[in-house]
Amino acid sequence: MTAEQPVLETHDLAKRYGRRTWALTGIDLAIPQGGITALVGPNAAGKSTLIKTWVGFERPTRGGVTVAGIDPWKDRSGVLGLVGYVPQAPALYDGLSVNDHLDLAVHLRPDFDRPYARQRLEQLGIPGDQGAKSLSGGQQAQVALALALGTRARILLLDEPLASLDPLARREFLHVLTDAVRSDGATALLSSHIVTDVEQACDGLIVLGVGRILLHETVADALATHWMAADGAASSEGTAIGSFGGPGGERLTLLRSESSSAGPNLRQASLEEVVLGYLASGRALPGEAAA
Amino acid sequence: MSRIGSWLVLSFRLHRWEALASVLGTALLAAAMAWFTWQLRTLAAAEPACLDPTTYVVACEQSPQAFYELASFAEGLSSVAWVAPFGMGLVLGVPLVSREIEQRTAGMAWALSRSRTSWLVRRVAFAALVLVSLLFVLAITSEMQAAAQMPTRHLDQDFAWYGRRGGLLVVRGLAALGVGVLAGALVGRVLPALLLAAFASVLIFTVISLGMDRWIEADAVVMATGDPEGGRYLGELVDYGELGRRGLSIEVIDEEDRLFARPEDVGHPERMIGWGRSLIVPGRLYPQIVLRESAVVGGAAVLLALAATFVVTRRRPG
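Those protein sequence lines, which keep their order, are chains A and B. Everything in the first sequence is counted per my numbering, starting at 1 for the first residue and increasing by one. Everything in the second sequence is counted per my numbering, starting at 1 for the first residue and increasing by one.
Don't read these hints as lab results, they were simulated from the structure. Incorrect hints may have been included.
[Claimed, not checked] Partial selection, computed: residues in chain A whose CB lies under 7 Å from chain B:
{"no.": "1", "residue": "Phe57"}
{"no.": "2", "residue": "Leu80"}
{"no.": "3", "residue": "Gly95"}
All C-beta atoms, glycine included, are put in the ideal place defined by N, C-alpha and C.
Turn these sequences into a full structure, and let the hints steer you where they fit.
In structure tokens, the structure reads:
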């Protein structure tokens, strides 16, 4: 596989729960090999569902997904051989110690790199003989990450591992993740609804809202091509994406412009504002999700 | 530590409470059975002739009393031995999958293990190992107690304590384990799955029991009601037609083996003469019937395990 070939793909992916609730509606995505891509969206946007379809935990209602060209529903074991997965709110076995978890991983997956996972945890000062029950939320997330990294998988799928962590633990988690991805040349997809944390760590950005993709590009491009306009400012300098309330109560509008210089009434948008602007645009069209 | 040893230790840590509860329950029951066996043997050894029903010894009129009182009390344990395979099978089987789903560890485990089938096999293998070991102990202790309690009978050819002693305990436990694993995989929550599994066990084993009775009717013989000599009553004949049909109460026939009673005679014993007849499976068929039921229940256990595997490979991790 070349570096340009996408490792994670979806084609017209739709997922429905029950008869009426659509979690995803017609998603087309192609995530290239290498780097960390942030999958950002509000609660119930479909982030977990999207990741679970790649792991083979959810069957698409329509369309399909592939991991390195393999359909997870047809060849789940083939996909799981390529993927390291950190579930949402990682749950560990209460009755097992940290080392027991690593031993269990070796039993479940004979090629699991126990020394590598152990080393990652030692760097964080997490003792191997400590019971999982007595670990902090941040430590539990680190153990879950170490279990995923120990698979030495080329693709890491992380389903909101930061959600319950304090800022310091989030930063530490992202540091370990970026370090591992950069050193191993892996591809990681990290879902989160905390934009500020992923800004520094991620190369790519996917904004998912109400079951559809609102934006998918590199973080650098997203920052370079989006601008903020205050209420009443001319929007002729770019395409208006969405409006939302600013911190002082003013109305802010996100504009997209390929121009490299901003007009007098514009300022460069932060990544959080880019995401908010697209989510606002997504919310304006709620009917599409159920279409 | 060897790979198998490490797997056993990890599996025990994952299922320590249900494993310990099963070990404790078995130890108590087996110890109680062993004590009663010892006591009954001691009493029987004191006056061996007194327990022989074929002879009458005047001096024995009082001496077996203590033996029979103790035997009556001890017989309750055989009922516990009858229930034990179901209880232990469910306690060990239900949490195997359901607790993983309920406590959200299934996602991590199923992603680490490339094959959910092999993950399930490892889990079930440990539970089955514990269950078979413990039920094997109960199977032996219950046989020993039965032998002590019925010293004059040949229990290898006797339906006494059918399903409360011997290898059937082990096979029934494995089938209950299968019910538990399947219910846990379907429901994904421990307590509701336990209730479902208990209900399903009653249903499944009732159906199997009725089916087995139908099956062994072909081997049954008609005999006058009395001591079946180790045989097993299937039913008493009542039909006022051919003898081969199974009925619900006693049929009355005359001395020439012809039907005497008519429907209108029922309830008027003074009009009836002759003797009752019953369908009996002879005691000599005991090993064959046990083997047959073991095959049926074992087959059910395999089917239940396959069904559980099917569910696990297709369900969401929670």
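Hints, one by one, checked against the model:
1. Phe57: holds (6 Å)
2. Leu80: holds (5 Å)
3. Gly95: holds (5 Å)
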